[in-house]
Amino acid sequence: MNPHLVQLKNAIVNYSSEYSVRLPDVQLQSGQELALVGASGSGKSTALHALAGLVPVQGLAVVAGTDLTKASNAQLETHRRKNVALLFQDFYLLEGYTALENVITAFGLAGQPLQNAQKQAKALLERVEMKRFHATPAQLSTGERQRVALARALAGQPRLILADEPTAHLDAARGQIALKLLREICAERQAALLIATHDPVVMAAIEQRIECGTAKPIPSGTAEPTPSGVKA
Amino acid sequence: MTFWLLWRNLRTRVGANSLTVLAIAIAVLMGLVVPLLLSSFRESVIRAANSFDLLITAKGSQSQAVLNTIFLQEAPIGNIPYEVFEKLTQDPRTKKAIPLAFGDNYNGFPIVGTNKDYFELRPNQSQGLLYTFAQGTVFEDEFDAVLGAQAAKVSGLKIGDTFKSQHGITPTFEPDEHAESFKVVGILEPSGAAGDKGIFVPIEAVWHLHEQEEKKEHEGKEETAHEDEHDHGEEQEITAILWTPTRLGYAYQLAGELNQDNTAQGVFPGQVIGQLFSFMGQGQEAYNLIIWLALLLATLTIAINTLSASQVMQRNLAVLRAIGASKNQVVGLVLLESLVITLVGLLVGLGLSYVITSLVQQWLEQQTALTLPNLAPNPSDLLRVATVIPVALVFALLPALLAIRNSPLKQMKR
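As given, the protein sequences belong to chains S and U, one line each in that order. Going left to right, the first sequence walks through residues 1 to 232 as our numbering numbers them. Going left to right, the second sequence walks through residues 1 to 414 as our numbering numbers them.
Be aware that a few hints might be false.
Derived SDA-like pairs (lysine to any residue); straight-line CA-CA distance at most 25 Å [as the list claims (entries may be wrong)]:
| no. | chain 1 | residue 1 | chain 2 | residue 2 |
| --- | --- | --- | --- | --- |
| 1 | U | K327 | S | S16 |
| 2 | S | K119 | U | F3 |
| 3 | S | K82 | U | G332 |
| 4 | S | K70 | U | F3 |
| 5 | U | K410 | S | T66 |
| 6 | U | K410 | S | Y15 |
| 7 | U | K413 | S | T136 |
| 8 | U | K410 | S | T69 |
| 9 | U | K327 | S | A135 |
| 10 | U | K327 | S | I206 |
| 11 | U | K410 | S | P137 |
| 12 | U | K116 | U | Y82 |
| 13 | S | K70 | U | L409 |
| 14 | U | K327 | S | T98 |
| 15 | U | K413 | S | E184 |
| 16 | S | K119 | S | K180 |
| 17 | U | K413 | S | H169 |
| 18 | U | K410 | S | N73 |
| 19 | U | K327 | S | G111 |
| 20 | S | K82 | U | W4 |
| 21 | U | K410 | S | D171 |
| 22 | U | K410 | S | S17 |
| 23 | U | K413 | S | A135 |
| 24 | S | K82 | U | K410 |
| 25 | U | K327 | U | N259 |
| 26 | S | K82 | U | W292 |
| 27 | U | K96 | U | K116 |
| 28 | S | K82 | S | G41 |
| 29 | U | K413 | S | R22 |
| 30 | U | K413 | S | D171 |
| 31 | U | K413 | S | S20 |
| 32 | U | K327 | U | A303 |
| 33 | U | K410 | S | E18 |
| 34 | U | K183 | U | D161 |
Keep in mind that the hints were calculated from the coordinates and are not lab data.
Only chain U is shown next, with the shape it has when bound in the complex (with noise of 0.2 Å):
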């Protein structure tokens, strides 16, 4: 009989119990999604920035040296020359020189020039390789080109086909493409990484199409200028390094000596992502506050609605008590009617974080490749948002007292 009374009662006010149930959910998802999102953003960066120790750019923004060659974005700072890697590769610190060189596209999907060893990346030594293929191999020729996941998804570029890659790191209204085709060769398993939306080919056939580039450039301004002729294809340049040393300690070591001329910069992206999110943790410091207003707001709601029901919900309940209710089953209804509104509200609250989390997700992988490795929600956030349970009965435990305290009566003639 209780829980048809609950039913009931749930009935009579189904728009005033909605809105509360709304206000929770809204309290739940600003409780879970932002921190959600935020740890698991947090560990898919750290993931990606983690396969190397050190980065070699030109000299300019850390931040945006490692937005443009660890996350694809962004474009690169300049370049650095071949010959940076070449000593590096001399070098006994050295432990893996990975080159990369940036500067085409294909449909908006970076062309990175590279050599076989990006394959071979980590996210750290004791995990598997970040990128794995899921058909064909590694590119052997020139023209070759290997697909992130995300790229051959959406360009729906398959094995052996080919394609023309377009000048420039972003798309443009009439493409400049090159005349050199590139054949896929190989499809990389999703990683979770930038690197899912980026097109893998031998750094070679970069320096050859800008060759080419240069070339028409220069045929074009009627050959005025016959002394830089022999400079194309001398001097290669690429975009950046990502080296890993022997020890540790190498990497600060050749920090400090990049820094020191202007050719070159060592980037720690492990400290660009700390101070990255050392100025988001401000800024989740603050979204903490605005999470315990947003509950703080959600329980008022609940708190207003007992309040507001409760000339009708006292006079229902005296009625009952006239009738032959007793104090415990008055009291027993109206706390399960609050439980069962504030618990609807954290359900519902749950599934819209579901839904948003998950659409976030799919947002943020079409713009960065980066997945969101770990969408189950942190234990503490979800205590934090249960929190309005205890709250919830403690406003409700007013209008059950008042209803048990007084007489009937007295209750039923107000």
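This is chain S alone, in the form it adopts within the complex (with noise of 0.2 Å):
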């Protein structure tokens, strides 16, 4: 049995016959932390998309058991449903649902009868402090998009969570509660977390980093972080 939750090696992402990225090397187990760092273009969030599947990967990508490099359109949907959650930068919470219908879809996508959705969901929306349920995108202000975005991406219980510069939308004080968030559910539920960032707080708060486009993992504090606010 591979002991990695998360195998990156020699992975490479083509966009077109031109255009390439080269991901990181990564190997993360459960309850694992990472940040993946580096200049814009350098491949963080390309990384994430391919963990999640929504992006075509070649070399070694295995992320739960799941070879990434050979799975089918139908693997790839089972994992997306059940074995990531990816935390958009942009968050991309359904227009027109409510607070609450964006997490209750999360749970009935990943199997929950409705009434069990319902209740999961209310009990998540609370937890990451998310108190207008029936408030749609369009009412809700970035912080809270952000805590709906989280709550729905926590919502099908997965083993990997991948969050794309999840303060690069909030201010300090908001960007360091949303990350003890994510930080504490992960701890919570023992998923792995990797995180794309730019944001100096962020990269002080998590141990293990690697930058992208050098492909070399970076020992903790040594980094010189970039001004949070920049994407990636």
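The task is to assemble the complex, starting from two chains supplied on their own in separate frames and drawing on the hints.
What follows is the structure, encoded as structure tokens:
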């Protein structure tokens, strides 16, 4: 049995015949945290998308036993539903759906009956301190949308949480709260956490970091952090 | 979960979806109501006109003759001598001859002078009587009256009540009432024929009233024309004769004979009605085209609704895929949404068709006393309006296929 929840080695995402992105080598076990840092275009987000099974990847790319390089469309759908949760930088909430409905949908797709999904969605939204259940994304502040997106990402009991610039749209105080929440929940659930970030606060908080573009592990506390709010 | 998502998506675009439902409902309404009313009206008219073979009236417009005598509409063309009827009763070719005399009304309901044979009419020989009695009996005395079902219902007259008829075929602001009163002795069951709004009295009563009327007029003229005095009561006239021969061929024979002189004419109601429907049929062909255009517009509305919502829809579908929805779920969701909107449109259309058909039926009954006997939609009309279902699904396939063809990431970022 493979002891690693996530294994990326010599992995490449080909966007076209002229443009491909080399992904960092990553090994991650359940409950571990890792930050992907690096300049814009260095492949941080691409790595998250590849691990979520949203872009085709070559090389070695295995998550929770699913070989992403060989998985069929159906297997990738199951992978997205059961193994991973991707917290998008732009949230991508379902438009026209309320906060509660966004989270219910994720629970439902993970196979929960509707009544359970409703109860659990409410509990999860309360856990992320989101009380405006019935507001739609257009009515929510950025911080609130971020919390709804976080609750939705956590709905399916994922084994790997991929967070793309989770603090990018938040002020420093709210960013810290969001990061704390994310880490607490991952720790509670023994889920691995992989964060793509520019935020020095995040970089300082996560012990293990990999700089994308170099694909070399960077020891904790030695990185030159870039200003937060810069899109990867 | 799929049904929850379906319900959620339908609610998200409730305005646009309602408009689509309305467009489909209107197309269904157009596709069902008019053909249904026309076919039902045709059936009703044919039923009323089939109860005899030849209509004998004064010379003039054949369609007016039919409208007047069968549908109790329009003014009579004129009168024919009663002796025409008397001769026909002696004619060996006659199976049945029924005289009709018009000229008076009671609160707008035409007074029809006739004989007892009128109540023996059958829509065709294999069917039961056209008119049956709900209460009372046929008239026996000169001033007895039998009321059609609608005439009784609207006028409120009951068995034993009396009323005075008014001169003329339509009610006037200051009705010119006859002196004699009629007594209601019978009320007919609803028949669906125009006779439902008639008030039937012995033909002798009509003559009697008009003799009185003419006498009054005559006295008013200070007895200036004594030579005319003896004519009153002798030249009895009637408006029409409903004639059924022992053999159908005799109807054509008699019509030919009548048409040779100026006294009367033979009218085949079936032919007149056939011409009327043939004319209407040309309009119906044009209307069929309009129905197809309406259905096309309805399906285009579905397409426009689907495509206008496409950007939001595509994005939401991509998000659903990114968080774990399968391609089958996404395609199923889009198709189901379109199917539900279309089916709701069809059901609303069917409901509206029923309501409007009932309203038209009531109106037609009040105006003409004709009832529409068969108000079940024609299967071919139903099939035609049902064509919106596959067309709507085809239109829905486009966004569904777009949603699963492209990467969810690309769709979300658009």
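Okay, the hints, checked on the actual structure:
Distance restraint check for K327 of chain U and S16 of chain S: the Cα-Cα separation of roughly 24 Å lies within the 25 Å cut-off, and the hinted pair is therefore satisfied. At roughly 18 Å between alpha-carbon atoms, K119 of chain S and F3 of chain U fall within 25 Å of each other, so this suggested pair holds. Straight-line distance between C-alpha atoms of K82 of chain S and G332 of chain U comes to about 21 Å, which keeps the hinted pair within the 25 Å bound. Between K70 of chain S and F3 of chain U the alpha-carbon distance is near 32 Å, which puts this suggested pair outside the 25 Å criterion.
Between K410 of chain U and T66 of chain S, the direct Cα distance comes to roughly 23 Å. Compliance with the 25 Å bound is thereby established for this hinted pair. A hinted pair counts as satisfied when its Cα atoms are at most 25 Å apart, and K410 of chain U with Y15 of chain S qualifies at roughly 12 Å. For the suggested pair K413 of chain U and T136 of chain S, the alpha carbons sit about 19 Å apart, so the restraint of at most 25 Å is met. At most 25 Å may separate the alpha-carbon atoms for a hinted pair to count; K410 of chain U and T69 of chain S meet this at roughly 20 Å.
Note on K327 of chain U and A135 of chain S: the hinted pairing is violated, with a Cα-Cα distance of about 28 Å set against a maximum of 25 Å. Proximity of K327 of chain U to I206 of chain S is assessed by CA-CA distance (about 36 Å); at most 25 Å being required, the pair is judged violated. The straight-line distance between the Cα atoms of K410 of chain U and P137 of chain S is roughly 20 Å, inside the 25 Å bound, and the hint therefore holds. Among the hinted pairs, K116 of chain U with Y82 of chain U is consistent with the structure: their alpha-carbon atoms are about 17 Å apart, no more than 25 Å.
With a C-alpha separation of about 20 Å, the suggested pairing of K70 of chain S with L409 of chain U holds against the 25 Å cut-off. Between the alpha carbons of K327 of chain U and T98 of chain S the distance comes to roughly 24 Å, so the proposed pair stays at or under 25 Å and holds. Only pairs whose Cα atoms come within 25 Å are accepted, and K413 of chain U paired with E184 of chain S is rejected, the gap being roughly 30 Å. Distance check on the hinted pair: K119 of chain S and K180 of chain S sit about 24 Å apart at the alpha-carbon level, within 25 Å; holds.
Only pairs whose Cα atoms come within 25 Å are accepted, and K413 of chain U paired with H169 of chain S is accepted, the gap being roughly 17 Å. Using a Cα cut-off of 25 Å, the hinted pair K410 of chain U and N73 of chain S holds, with the two alpha carbons roughly 16 Å apart. For the suggested pair K327 of chain U and G111 of chain S, the alpha carbons sit about 16 Å apart, so the restraint of at most 25 Å is met. Under the criterion of a C-alpha separation no larger than 25 Å, the hint pairing K82 of chain S with W4 of chain U is consistent with the structure, at around 20 Å.
Between K410 of chain U and D171 of chain S the alpha-carbon distance is near 28 Å, which puts this suggested pair outside the 25 Å criterion. Our distance criterion of 25 Å between C-alpha atoms is met by K410 of chain U and S17 of chain S, whose separation comes to about 18 Å. Between K413 of chain U and A135 of chain S the CA atoms are separated by roughly 23 Å; this keeps the pair inside 25 Å, and the hint holds. The straight-line distance between the Cα atoms of K82 of chain S and K410 of chain U is roughly 22 Å, inside the 25 Å bound, and the hint therefore holds.
For the hint linking K327 of chain U to N259 of chain U, the alpha-carbon distance of about 79 Å lies beyond 25 Å, and the restraint is violated. Taking the CA atoms of K82 of chain S and W292 of chain U, the gap is about 49 Å. The hint is violated against a cut of 25 Å. Under the criterion of a C-alpha separation no larger than 25 Å, the hint pairing K96 of chain U with K116 of chain U is consistent with the structure, at around 11 Å. This hinted pair does not check out: K82 of chain S and G41 of chain S have alpha carbons roughly 29 Å apart, beyond 25 Å.
Restraint check: the Cα-Cα separation between K413 of chain U and R22 of chain S comes to about 22 Å, which is no more than 25 Å; the hinted pair holds. The suggested pairing of K413 of chain U with D171 of chain S holds, with an alpha-carbon distance near 24 Å, which does not exceed 25 Å. At most 25 Å may separate the alpha-carbon atoms for a hinted pair to count; K413 of chain U and S20 of chain S meet this at roughly 19 Å. Under the criterion of a C-alpha separation no larger than 25 Å, the hint pairing K327 of chain U with A303 of chain U is consistent with the structure, at around 21 Å.
With a CA separation close to 18 Å, the supplied pair K410 of chain U and E18 of chain S stays within the 25 Å bound. Restraint check: the Cα-Cα separation between K183 of chain U and D161 of chain U comes to about 6 Å, which is no more than 25 Å; the hinted pair holds.
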